[in-house]
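2 protein chains.
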Amino acid sequence: MFKTNQYFDGKVVSIALESAEGKATVGVMEAGEYEFGTDTIEIMTVISGALTIQQPGENEWKTYSKFESFQVEKGVRFKVKCSEDTPYLCLYK
Amino acid sequence: MFKTNQYFDGKVVSIALESAEGKATVGVMEAGEYEFGTDTIEIMTVISGALTIQQPGENEWKTYSKFESFQVEKGVRFKVKCSEDTPYLCLYK
Chain R
1 MFKTNQYFDG KVVSIALESA EGKATVGVME AGEYEFGTDT IEIMTVISGA
51 LTIQQPGENE WKTYSKFESF QVEKGVRFKV KCSEDTPYLC LYK
Chain G
1 MFKTNQYFDG KVVSIALESA EGKATVGVME AGEYEFGTDT IEIMTVISGA
51 LTIQQPGENE WKTYSKFESF QVEKGVRFKV KCSEDTPYLC LYK
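Protein chains in written order, with our numbering: chain R, 1 to 93; chain G, 1 to 93.
None of these hints come from the bench; they were simulated from the model. Do not take every clue at face value.
Claimed, not checked - Below 20 Å or equal to it, Euclidean Cα-Cα: the simulated SDA-like pairs (lysine to any residue) are:
{"id": "1", "chain 1": "R", "residue 1": "Lys11", "chain 2": "G", "residue 2": "Asn5"}
{"id": "2", "chain 1": "R", "residue 1": "Lys3", "chain 2": "G", "residue 2": "Glu30"}
{"id": "3", "chain 1": "G", "residue 1": "Lys66", "chain 2": "R", "residue 2": "Tyr92"}
As the list claims (entries may be wrong) - Pair by pair, the computed Cβ-Cβ distance ranges are:
{"id": "4", "chain 1": "R", "residue 1": "Thr63", "chain 2": "G", "residue 2": "Gln6", "range": "30 to 36 Å"}
{"id": "5", "chain 1": "R", "residue 1": "Glu73", "chain 2": "G", "residue 2": "Val76", "range": "44 to 50 Å"}
{"id": "6", "chain 1": "R", "residue 1": "Phe67", "chain 2": "G", "residue 2": "Arg77", "range": "28 to 34 Å"}
{"id": "7", "chain 1": "R", "residue 1": "Lys11", "chain 2": "G", "residue 2": "Gly10", "range": "20 to 26 Å"}
{"id": "8", "chain 1": "G", "residue 1": "Val76", "chain 2": "R", "residue 2": "Tyr7", "range": "32 to 38 Å"}
{"id": "9", "chain 1": "G", "residue 1": "Lys93", "chain 2": "R", "residue 2": "Gln6", "range": "27 to 33 Å"}
{"id": "10", "chain 1": "R", "residue 1": "Glu84", "chain 2": "G", "residue 2": "Tyr34", "range": "28 to 34 Å"}
{"id": "11", "chain 1": "G", "residue 1": "Asp39", "chain 2": "R", "residue 2": "Ala31", "range": "24 to 30 Å"}
{"id": "12", "chain 1": "G", "residue 1": "Thr52", "chain 2": "R", "residue 2": "Val76", "range": "36 to 42 Å"}
{"id": "13", "chain 1": "R", "residue 1": "Ser83", "chain 2": "G", "residue 2": "Lys93", "range": "20 to 26 Å"}
{"id": "14", "chain 1": "G", "residue 1": "Lys74", "chain 2": "R", "residue 2": "Glu33", "range": "34 to 40 Å"}
{"id": "15", "chain 1": "R", "residue 1": "Asn59", "chain 2": "G", "residue 2": "Ser83", "range": "43 to 49 Å"}
Given the structure is predicted, the values throughout are model-derived calculations rather than measurements. Glycine included, every Cβ here is placed at the ideal spot set by N, Cα and C.
Let the sequences and hints guide you as you build the complete structure.
Have a look at this one:
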């Protein structure tokens, strides 16, 4: 039985799983801008479309497309923008 | 707001979305064997781990790994096996 979580009034929905690569969530974000906090190192992979990311302490935004990944450090906050429903995988390390 | 669906007593959970590539679901299957029916052509992509597929009318099973895709025709039933929680993307064409 999988646990589903909603964030930002349901604009981000995810399903928790124990993947081949470890603890993970697979989810979707609606078009918008979001700020997330990390409890572990997170490795996010874009499954379709693109995510534009602002890493903590940086001014620049960087865009990641289908099957591209980025890592965010533990215990930080980071910003994510997308322009359409964007599915992603998040691994917790 | 995303719609979440459960199948097989919650062993398969998916989230419906309108992706960059069209109508889609992103979801997860628990370890097990499942039979699905298609209402449209479906293009499934493995996000982590592997899915082993039996196409309709075939005896052989074929395994698809991370980021590999397979297509299933409209109006058929096909079988899927996996040996751990396996996230996938399904596009409806």
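Now the hints, each set against the structure:
1. R/Lys11 x G/Asn5: Holds, at about 16 Å.
2. R/Lys3 x G/Glu30: Answer holds: lysine 3 of chain R to glutamate 30 of chain G is near 12 Å, not above 20 Å.
3. G/Lys66 x R/Tyr92: holds (18 Å)
4. R/Thr63 x G/Gln6: 30 to 36 Å: holds (33 Å)
5. R/Glu73 x G/Val76: 44 to 50 Å: Because 46 Å falls inside the window, the suggested range holds.
6. R/Phe67 x G/Arg77: 28 to 34 Å: For phenylalanine 67 of chain R and arginine 77 of chain G the Cβ distance comes to about 29 Å; the hint holds.
7. R/Lys11 x G/Gly10: 20 to 26 Å: Distance hint for lysine 11 of chain R, glycine 10 of chain G holds at roughly 24 Å.
8. G/Val76 x R/Tyr7: 32 to 38 Å: Since the Cβ atoms of valine 76 of chain G and tyrosine 7 of chain R sit about 37 Å apart, the hinted range of 32 to 38 Å holds.
9. G/Lys93 x R/Gln6: 27 to 33 Å: holds (28 Å)
10. R/Glu84 x G/Tyr34: 28 to 34 Å: This hint holds: roughly 29 Å between Cβ atoms.
11. G/Asp39 x R/Ala31: 24 to 30 Å: Roughly 27 Å apart at Cβ, these two residues keep to the hinted range, so it holds.
12. G/Thr52 x R/Val76: 36 to 42 Å: holds (39 Å)
13. R/Ser83 x G/Lys93: 20 to 26 Å: holds (22 Å)
14. G/Lys74 x R/Glu33: 34 to 40 Å: At roughly 38 Å between Cβ atoms, glutamate 33 of chain R and lysine 74 of chain G fall inside 34 to 40 Å, so the hint holds.
15. R/Asn59 x G/Ser83: 43 to 49 Å: holds (45 Å)
Of the numbered hints given earlier, the model fails none.
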